[in-house]
Each structure stands twice: as C-alpha cells, then as structure tokens.
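Trainee: Build out the structure end to end from the sequences listed, making use of the hints.
In order, the protein sequences belong to chains A and B.
The C-terminal position of the first sequence is numbered 575 in this note's numbering, with every residue numbered one higher than the one before it.
The C-terminal position of the second sequence is numbered 238 in this note's numbering, with every residue numbered one higher than the one before it.
Some hints could be false.
[Unchecked claim] Restraint ranges, calculated between C-beta atoms of paired labels, are given here:
no.: 1; chain 1: A; residue 1: E60; chain 2: B; residue 2: M225; range: 39 to 47 Å
no.: 2; chain 1: B; residue 1: K96; chain 2: A; residue 2: A123; range: 34 to 42 Å
no.: 3; chain 1: A; residue 1: L284; chain 2: B; residue 2: E155; range: 13 to 21 Å
no.: 4; chain 1: B; residue 1: D163; chain 2: A; residue 2: P548; range: 44 to 52 Å
no.: 5; chain 1: A; residue 1: G128; chain 2: B; residue 2: R54; range: 31 to 39 Å
no.: 6; chain 1: B; residue 1: E131; chain 2: A; residue 2: A434; range: 37 to 45 Å
no.: 7; chain 1: B; residue 1: I212; chain 2: A; residue 2: S288; range: 34 to 42 Å
no.: 8; chain 1: B; residue 1: I212; chain 2: A; residue 2: L136; range: 34 to 42 Å
[As the list claims (entries may be wrong)] Using 25 Å as the maximum straight-line C-alpha spacing, the simulated DSS-like pairs for lysine-lysine come out as follows:
no.: 9; chain 1: A; residue 1: K334; chain 2: B; residue 2: K228
no.: 10; chain 1: B; residue 1: K164; chain 2: A; residue 2: K334
no.: 11; chain 1: B; residue 1: K228; chain 2: A; residue 2: K110
no.: 12; chain 1: B; residue 1: K228; chain 2: A; residue 2: K127
no.: 13; chain 1: A; residue 1: K530; chain 2: B; residue 2: K228
Hints are computed from structural coordinates only; laboratory data are not their basis.
None of the values given here were measured: they were computed from a predicted structure.
C-beta: ideal position from N, C-alpha, C; glycine also.
Spelled out, the chains give:
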Amino acid sequence: MKSAQLKRIFFGVLFLLLTPHLPTHSLPAAAPPDIEEQTRAIAAELRCPVCQNLSVADSPSELAQEMRALVREQLEQGKSPEEIRKFFVSKYGDWVLLAPPAKGFNLLLWLLPAIGALIGLLLVIVVTRRWVKRSSDGRLTTAMEAKAPPAVPRAPEAADVPMDVDSQRDFYRRERERIEAEGKEIEFDFQSGKLSEADYTAMRRRLDSEAAVTGQKLASMPSSPAPAQKRAPEKKPAASGERRPLKTWQLAAGAVFLLLLGLSLGVVLMQATRPRASEQDTITGDFLTGTPGSGGGDALLAQGRAAFEKRDYGQAIEMFKKVLAADPNNPEAHAYMGLMLAQAGHTDGALSAFDRALAADPNFPVALWGKGMLLAQNGGDPREARRLLEKVSTMMPNGPEKSEVEKLIAELGKPAAAGNVAAPAKKPAPPPVAQAAGPAIQGVIDVDTKSKTSVDPQAVLFIIAKSTSGAGPPLAVKRIAAPKFPLNYTIGSEDVMMPGSVFSGKLFISARLDKDGNIATKEPGNLAGEYKKNPVDVGAKKIDFLLEPLK
Amino acid sequence: MALRRLIITLAVIVPLVALLAYGFFRDPRYIPSPLVGRPAPTFSVKLFNGENVNLADLRGKVVFINFWASWCPPCIAEAKELEATWQRLKDQGVVFLGIEIQDTEVNGRAFVDKFGVTYPNGADANGRIAIDYGVWGIPESFFIDPDGRIVYKHVGGIGAEILAAKAAEARERIMTTKEGKGDYQSIR
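Mentor: In structure tokens, the structure reads:
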C-alpha cells in the first residue's frame, strides 16, 4: 500500500520534472509571416562553421552574416526552407545542421540521453522499491517504535498466515528470525540505556511468548529438512549482503580512481585551454586542435616582429604584451621588449627583460645578443658581455653581423685580459661600439636672430635622428653641452641609442636646445627646430636649419 | 557479487570514457567536406587586373583554386611558394586561381604586389564563392580535374610538393577523398 502510494508520488514528480523539457521546438512551426522571420528560423538551425556551438542566426561572424544574406536571398527566390537546408548541407555536410539526422554515428547523439535517462530511472525504481520493501517488511527499525508494545502478545493473525504447508513453514521461519532480531535490538537498546527496565521486561515477555507460539507452530509442522536447508543458506548471504560494509580494497580502489580522475582532468583542462590572446581567439588550446588558434601566439609574435622591424614600437609593444598575457614566459616577446626598452634608454628594464627571456630559454639568441650588447655598451660587466656574445656568435651564420660581434668580443677581451685596472678608466669614454666611423649626416644649426641674445650659455643641445616623423624612440641622439652657434654638427652611427641598430635609411633630423639639460621636461625659453625637407638620406651634407622658441 | 558489480561498473564507465576520449581528440573546428568527387560549383570572378574569369571556361584544364586573405598568416607564409610552383607548372596545362575572401580589394592588391604573385587573383566580394566551396579555414585549396570535378581538397598551407603531385594526379583524373591538412586559420 505504502509502496503504491510512493510510486504514484514518484511518477508524479518525475512527470512534472520532465514536462518542461519535452521537445517543444520539434512542434511544427506555423508558417512564418515574413521573410525576415523565416530567415531567422532557418539560420537558427544552421551551425556557424567558424564558431563554437553558435547558430548562424546568433553568430556575429562575417561568414554567418554572409550565410544569413544567402538564406534571405534564396527565400526571396522562392526556395523552400528544406531546399535551403539541403543547399548548405551540400556545401558543409551534415556538420552544418545543429540537429544532425539520426543515422550512423550521430545516432549515439540522439540515443545516449534517452538511454542515460532510462538507466537512471531504472536505478531510482530499484532503489526505491528496495527501500520501501525493507520498511514494510514489518521489521522494527527504531527504538521509538519498539517503545510502544501492544497490550496483548502479538500473534500472527489468521488472515496473514498462508494456506499451504511449505509457505506456512517459511512464514513462521521468518517470524522466528524477526523475533530474534527484535530481541537483539531491544537487548542493545536496554544495554545502552535507551530503554527503561520496565519497558524492556515487558517487551522481552511479549517476544518470548511470540517465540513460544512460533516455535510450537514450527514443531507441529511436518519437517522437510532437505528444502529447508537448501533455502536457508540461500537466504542468509542475500540478506546480509545488503548491509555488508565496503571492504578496504574497494575503498582504496575508489580513492585511487577518484584521485586519478582528478589528476587527469586537471592535466587535460590545463592543456586544453589557454587565455584568449585576442577577442577573436578561442580558449581551446593547441592540444585539442593540433593547430595554433586564430590570432594565437605565433601570429601575434609575427605581427610584433613585423611592427618592430617597421619601427612601429607602439604596435610592437601592444603585440608582445598580448603574447605575454597568454604565455608569460615567452622568451621571444621578452627579448623584443628588452630591445625596445634598451632603445628607449631604460637599461635596467631592458636587462631584466633579457634575463626573463634567458630564464625561459638560456640559449635564445636575440636575448643573448641584446644583453651582451647592452652590457658591453654600458661597460658594466665586460666579462659577462663577452661570455654572452661568444655564446651568440657560435649560433650566428657567417656574415657581416657575425664578424661585427666577433670584433666586439675581441675588443672586450682586451680590458678583461689586462685585468681590472683598464676597465674603470674606460668607463667615461664612449663605449666601444662596432661602427666607429660609419655613415653620418652633417650640417649647421643656428638660432634665429630674435632669440640669439636670449640663449642660455648653460643650455644643452640635443640633435635627434628619427626613423619616423611621429612619436617613438629616436634612432640616434647627439648631446652637446654649452653649444656655440652657428654650430657645425655631425650625427652618425656612433650616436645610435641602441647598440647594434644601423644608422641608415631615411631619417628625420631635428634639434632641441634645452635649458636644464633634461630633454623630458619643457621649460619656457627652450628652442627647437627641424630640417625643412625631412626625411634625409644618411650621408647627406648641408642639413642646415634654425632653432626657434617653442610655441 | 563483487565481481558482478565490478563488471557492471566497467561496462558503464569504459564505453563512456572511450566516447569522451574519441570526442576530445578530434579537432572540433574541422569540417569534413562533402564536395570532393562532385562537380566543382561554377562561378565567375573579376580579377585584380580587370578581366573576368569563368570557371566553366577552364574545362579541359587542371584548375588549382586557392582561397586566401591578406590577414591570414598561413596564407602569407605560402604566398611565395605558390608563386614559385606556378612558375614551374604554368606551361603544363595547370591554371592557378587565387580567390581573396573576407578582405578588401586594396589589401588584396597590396598582398599580390608584395609577394610578386603573377597568377590570376580576384576578390570574392560577398563571400558567395567561399560558401559555395564550403570554405571555413584558410588557406583552403581545391584541385579540379579537366572534367570539372573536384578531386582533392587541402585545408591550410599546402607546400610545393603536394601541390605539384596533386596537380599531376588531377590531370590523370585521380581523386583523393582524404583531405589534406596544413597550418590553417579559421575564417572570420
């Protein structure tokens, strides 16, 4: 009775849970009133080929837009939705349908959820039935129930007793088992103090009388030892099997399984995902796809390198920053960041960037070269510089670049070999750059007549050569303290900011007379000017121009 | 009892794990094309030099169609190699046709100039040719035999060797159902 009730409730709840999930979308759609809606309906059934789990209707991608336009066009031509679907299937295969036809391997897709639900349902039914059966078996499960003893000894009622002898015997055997179990239970409750002595004796008496009745009945029955013995051992393990605690090896195996599952999940997830490098990028890692993602690290690096080569440092920094966001230990990005920092004059920042690159890859040539050059230039640590440059020179192909590095190594070797005496003496001197007397630009700088009188004798003149007209670090800067105008100047490869950059190509020449010698601050009275026909070729002469007050 | 339970547990878990593993080790972006072996969809495209090319007019020749964009790194990577292969194959009855997709014509012309590409190239303005060929990752290349049938498809960078080999096979009308795969970039 209880079981039937439970079943009804159970199925009621199940039905309520399942109804909202009934496939409402499979209901035949009423004829959409206009093309716009029809387009959307068809697009919603198509899978966007360049997205992850987005329909053509929902995707903002360019391809999805084109596909939507094509759907609309075909509808306008009078094609049916089925024809349009078939068209896309003929181009992209069944892949393009969000609900692929239920055949072949796809059948799994349709059947597995149903099978899963069915297995779950069966499991729930089996478990509930077992549970219901156990509690309706008449076994007293709690002491609370046991506390209410019936006034008269409860004997099996006539109606409950089965008719035939075999079943009767079984019935009384079960009765005996029940009485034994109940006896053990009240014994335990009494021992543990849950039951008062009066209650205990009353219950004991009742059970004893019940046991006597059952024993009598059993004794009066014709015995059939063979089947009884057969049945008894059959029942015992089944009954005890239900409550048997898990064995140690089972627990251990479970623990090991969980541990392994967790570990492998962790590893796979780490490998399978990565931070998005850009908005178009996906989080699916190379591990799954076997290819670098769109706009992934390699593409960004290539873009960064290209920007660096074009001296578009803002863009290059942007790209390398993105690479580092996705892969904080990328040696190439760090090395290029270091080159740009060095070029901008941030020696410390550049050194730490090179160090990070070398920490990730101790043999990364750009970082070895950059750090070696920087150390050689600053005269900070000629021995370390030499070590780094020697290392990088072994990796370089033969050519002018290699011989340049080798020349520098030879130069660095001299003070190191002569001991530390020569090194400090060399410090204030201009650094031993490879290109000592390379190509240069020459000309005369003068101050316009009105400002001539107001020129501060302590001011510092900066002559600047840039590869671009806009912002960005200069290629070369010449600093002249207390200049006397008109001033003959030469700016060339010995003035380049970054060791190793080549003073060549078309350059923008300008100059600034700075009162306090700090080019970063602007004071009233500073003068500036630039060559009127910028850019100029390296080697040009008579690049003359005037300095005027800053506006 | 314990053995039965173990068998039941394994019977449930093993197929499930196998199914998941199968799914996890597939490229989720890869779309197998139904086009190989079918007649190539015809189209007409306006080239950068102003001429019009209709695919139907190229019957009897092997046609190599390459979909590309100037913003796609693998396309940049293979541009020079394609041109070099074109120089080798152009007198052997092979026609190269580059279709620029999802890009501007200005960028396309600059790309062609930059890499010295001399074979015919044109822009697919509204993406119809790309959809007709089921393009989803570029560079994407198709080989069409003299009967106008698609005999091979390659997603991603193709390389001179495969290109020359497949062009020779296409001339003999040999079809390869298995698609080639190189370094590719999903289109936008």
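Trainee: Are the hints correct? Go through all of them and say.
Mentor: We went through each hint and held it up to the structure:
A beta carbon spacing of about 42 Å between A:E60 and B:M225 agrees with the range 39 to 47 Å that was offered as a hint. Take B:K96 and A:A123: their Cβ atoms lie about 38 Å apart, and the range 34 to 42 Å holds. A hinted range of 13 to 21 Å for the beta carbons of A:L284 and B:E155 is inconsistent with their spacing of about 56 Å. Distance hint check for B:D163 and A:P548: the Cβ-Cβ separation is about 50 Å, which falls inside the suggested range of 44 to 52 Å.
In this structure the hint that A:G128 and B:R54 lie 31 to 39 Å apart at CB holds, the actual value being about 33 Å. Distance hint for B:E131 and A:A434: a CB-CB separation of about 41 Å, consistent with the stated range 37 to 45 Å. A hinted range of 34 to 42 Å for the beta carbons of B:I212 and A:S288 is consistent with their spacing of about 37 Å. The given range of 34 to 42 Å is respected by B:I212 and A:L136, whose C-beta atoms sit roughly 39 Å from each other.
At most 25 Å may separate the alpha-carbon atoms for a hinted pair to count; A:K334 and B:K228 exceed this at roughly 42 Å. Taking the CA atoms of B:K164 and A:K334, the gap is near 15 Å; set against the 25 Å cutoff, the hint holds. With a C-alpha separation of about 23 Å, the suggested pair B:K228 and A:K110 falls inside the 25 Å cut-off, and the hint holds. Of the pairs offered as hints, the one joining B:K228 and A:K127 holds, with about 22 Å between alpha carbons and a cut-off of 25 Å not exceeded.
Between the alpha carbons of A:K530 and B:K228 the distance comes to roughly 52 Å, so the proposed pair goes past 25 Å and is violated.
Figure legend: structure checked against the earlier numbered hints; hints not met, in rising order: 3, 9 and 13.
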